Amino acid sequence: MTKQLAQYLVVLALSPLLLGVVNRVKAFFAGRRGPPLPQLYFDLYKLLHKTPVYSRTTTRVFRAGPVAALACLLTALAIAPFGGRPSFFAFDGDFILLVYLLGMARFATVIAALDTGSSFEGMGASREVQFAVFAEPAFFLALAALAKTTGAMSVSGIFGALTPAVWTTAAPVLALVTAALFLVFLAENSRVPADDPNTHLELTMIHEVMVLDHSGPELAFILYGASLKLWLLGSFIACSVLPRHSGSWLTDAGLFTAAMFAIAVVVGVVESIMARLRMSKVPYMLITALAFSALALIFQVGR
Amino acid sequence: MHTFAELIIVFVILLDLALAVTGSLATCIRIAALQGVVAGLLPLLAGGHIETRTFLFAFAIIFLKGVVFPWLLLRARDRSGAGKEVETLISYPVSILLCIGAFIASSWLGSRLPLPTANVAWIVPASLATIFTGFLLITTRTKAITQVLGYLVIENGIYIFGLALFVEQPMMVELAILLDVFVAVFVMGIAIFHISREFDHIDTAELSELNDWRRPEDVK
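So the sequences go chain by chain: F and B. Adding 114 to a residue's 1-based position in the first sequence gives its number in the working numbering. Adding 24 to a residue's 1-based position in the second sequence gives its number in the working numbering.
I should point out that these hints are in silico values taken from the structure, not numbers from a laboratory. Predicted model only: the values in this text are computed from it and were never measured. Treat the hints loosely; a few may be bogus.
[Said to hold, decoys possible] Now the stretches of chain B that chain F is said to cover, found in silico as 3 or more residues with beta-carbon under 8 Å:
1) 34 to 47
2) 109 to 123
[As the list claims (entries may be wrong)] In silico contact screen, one side only, chain B against chain F (beta carbon under 7 Å); selected entries:
3) Glu-30
4) Leu-31
5) Val-92
Where a beta carbon is used, it is the ideal one built from N, C-alpha and C, also for glycine.
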């Protein structure tokens, strides 16, 4: 129990570091030095000491949005896999709750964006929900395919049962699932090629545009929530490509954390060598992810 | 080696999906060629003992589908002025959803068909899905050249289906099919060229009207 709580706290403490790694890799590719690794911690500290400013058109829905989203993500992280180790919150079918918690977090953000009454934020909300139509089924079907492959019903059970032996027998299924998860991971965290986190151009933004009116501690909640989501979706990829479990907690935790930072490096490389997709092409990318996970599930069911 | 063959089958299905979403004609031709090459590799992996005959046959197929057909099709595309785009009647997301639906249907059908058990999983559904993708290309794309392409994809599917049925390839049958396809691609290449010269375009929707006589005032 102590270890399970410890791994939860490790995730809470380390997740802002992922964005630091991504930004450093991007800076390295651009020939710059880049922001310091713990930059997001400084930002969060600064924002938490600021007084929030509210527009007069907003209601309490606007203030509840970031808090609700962060709460959903914190709960979801308790279910998230951690190197195949059991989680303290695991139960059978918890991946359904996980998907709904992510949907709930998205709903809170979207409703807060709509509450500002700005057409600009409404546009971002519309885009976010439009892309979620494809991203959510892709994520859910990928999880279902994993559950079918391993025969376990809880997230940590699935990745606990995922051993190198499973990879040798069901390599096509797992490869498809990992590819689908990676595409969903990029799109859901508004990374390139789905969205560019650096731009603040009204025509291209998806996620950033929804949080423009938030300030102070609420913006800190949103930024922290984004880093938690990055860790949460990344942990699925890290656990699928890292099926080997040793007996000891320290080795597993160390390997898993290293894999997470490796994923952050991959994201940085992808962002450096790719341009973002045209807005009308983003659904294609998500439909591809949906196709991958649907194929994986069909493969596994018919095996 | 069966895991490797399974990976190839998955790759064939992914190429089907890629065919359904690709908007560039040249890429479509290359994907169909790649699918033919990958399918041609399959008999070398499925069986344990490889005879010289099987090897030569696989080599002939890979050469035809990977080099000759794309060359002929790309040449036909350039000569007929077909342009660079695949023009579709339905949108690409609908195409890919139809493909996935076809794969679900063919995996159901594959489990129902009274076939000898194939030693590689998924070979029957993959072949049926490939045949369906070929039909999709033929029915929902407007250009004549994509119809030839659909025909080629159907041939790929039939070839994989044949692999599922027979461990030992009846060479005469396969050679006959291959010759048919070769002649067909050749003839269609010439036909497309002539269609475009006669009618200034190769949109098949216009061909259905079948009027070769025009009033003098219509001719611009």
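- request: Under 7 Å, Cβ to Cβ, is where Val-92(B) needs to be relative to chain F, so tell me if that hint holds or is violated.
  value: violated, 30 Å
task: Hold the hint about Glu-30(B) up to the distance rule: shortest CB distance to chain F must be less than 7 Å.
output: holds, 5 Å
message: Verify this for me: three or more residues of the segment 34 to 47 of chain B with a beta carbon less than 8 Å from a beta carbon of chain F.
response: n = 5 at 8 Å, threshold three: holds.
query: Checking C-beta pairs, does the segment 109 to 123 of chain B have three or more residues closer than 8 Å to chain F?
result: holds (count 5)
query: Taking the least C-beta to C-beta distance, is Leu-31(B) closer than 7 Å to chain F?
result: Since the shortest Cβ distance to chain F is 6 Å, the answer is holds.
In this structure, only the earlier hint numbered 5 is contradicted, and the remaining ones agree with it.
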